[in-house]
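Protein chains in written order, with the numbering used here: chain A, 38 to 305; chain B, 38 to 305.
No lab work stands behind these hints: they were computed from the structure.
Treat each hint with caution, since some may be false.
The list cannot tell twin chains apart, which means a pair is met if one copy fits it or any two copies do.
[Claimed, not checked] Derived lysine to aspartate or glutamate pairs resembling EDC-like cross-links, with alpha carbons at most 16 Å apart:
id	residue 1	residue 2
1	K202	E86
2	K147	E304
3	K147	D65
4	K196	D167
5	K147	D111
6	K239	D288
7	K55	D302
8	K78	D167
9	K202	D167
There are 2 protein chains.
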Amino acid sequence: MLNHSFYQRLYTNTTQRKSHLCIGLDPDLSQIPYHFSQDLKGLHDFLVEVIETTSALCIAYKPNLAFFEALGIDGLRLLESIRKRIPTETPVIIDGKRGDIGNTSAMQAKYIFDYFGADATTLNPLMGLDSLAPFFRYKDKYNFVLTLTSNPGAHDFEKQTLDNKQPLYLYILDQCDSWHNAYGNVGCVVGATQQEFTEIRKHNTNLIFLIPGIGAQGGEYHDAVRVGKNQDGLALVNISRSILYGSTERDFATQMRQKIQSYLDQER
Amino acid sequence: MLNHSFYQRLYTNTTQRKSHLCIGLDPDLSQIPYHFSQDLKGLHDFLVEVIETTSALCIAYKPNLAFFEALGIDGLRLLESIRKRIPTETPVIIDGKRGDIGNTSAMQAKYIFDYFGADATTLNPLMGLDSLAPFFRYKDKYNFVLTLTSNPGAHDFEKQTLDNKQPLYLYILDQCDSWHNAYGNVGCVVGATQQEFTEIRKHNTNLIFLIPGIGAQGGEYHDAVRVGKNQDGLALVNISRSILYGSTERDFATQMRQKIQSYLDQER
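Isolated chain A (complex conformation) (with noise of 0.2 Å):
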């Protein structure tokens, strides 16, 4: 078992909870419940209430950073109070998925880490290592590397067979083992509509997967639990407008924790 306070956490929330649910968190004013006013007072309390009903269900939550940018400084303000309602047991990985030259990335991370106080994050690989190595020097934080994402486009760059036979992804799972190896921190992002699913599983069996792509984008909760946990059983199975949005009535957090529980019933 990796000693880092992260991991530990994902696994003893795997195991009291039975769940390996993550609920992204990507506000939506337009979707919100009739009864909440329909401003970012609305959205916080619409935030804080699904924190409450579910917080005891999931294993750790993913604000998706930009749906708060989206709304201005406001929204950023928004994040700041949200993550704050979210208690320390369940980690909160926020998903910028950044990555730049190092004086800029070691920025990134401080907004990340250091302002928001994320414990996890999600990075674009593109430019390499020393793009990604201001995060990994983050000790007690965590990194989850893009590997093969969850939409057609993986098609275009991520898909493509390097000369060595490879496809792109795969060597770039290889590149995060090697980085886990050194820094002791790094996971995955791949996406579990993609059919190379269960290959990806099979040639890594050390990272932790953060898994998009279920609920509103097509993907089955249960087929990604089950393939996608790692050596100690672990995995980050993301849902975030499915579990939100369910519903729009007033007893939307009843409906929410019966959908929730409906996902947990597939793995028990």
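Fit chain B to the supplied structure of chain A, relying on the hints for placement.
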């Protein structure tokens, strides 16, 4: 000549100012001249004086979003304020290196183009066309896609050879060309520090290159201009730190003007 306001403003500025200089705005409290207060107010006043000193000498500004983000929400307010001080005729490229699944990219574009009012941005293409198209659809904005970056990590993935014997960066360049044909607002980020710079320009004479890596990173301004221009004579040669932080003295603005002049003299 491309019928696009950003392109045409660059052309006018290049011709009238006899310059290909893009000034990178990377605010760093630890490096501003001593007579400014060592806080965000001082940083604001410093950046305003930088803009007043340089706006007739450069063809565009490139605020580095991460450097503002690292200062937290107050840093983003600083960017809002600074952005308004840049004259309309000098375009603003907000350097964010975004790209995500489509509904998230749409939020990123909203933040950069609508909220901050950027005229252009930088994008990371790893996730493919559908991760960039929400940006491309802003017809009056311009997009610079990472192709071959100026950092050592460019070797890790960008320079990998595909099975058709083409390096990944040339494949990205070809995709950018076809996206530009479809959308009319796509350029590339190509680092001047890379020995492949000349080959890349020969491979495509059409797209505008945004060229980092000059000054503190070691590239030469006059080489970047000479080699980097497209068929209309356009290039954005970015310099950040070596212009901004050349002097910490009271007469820093005079020294900054002289420093820029020494760059511009290289192309006259």
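**OP:** Could you check the structure against the hints above and give me the numbers of any it violates, in ascending order?
**Re:** Violated: hints 1, 2, 6, 8, 9.
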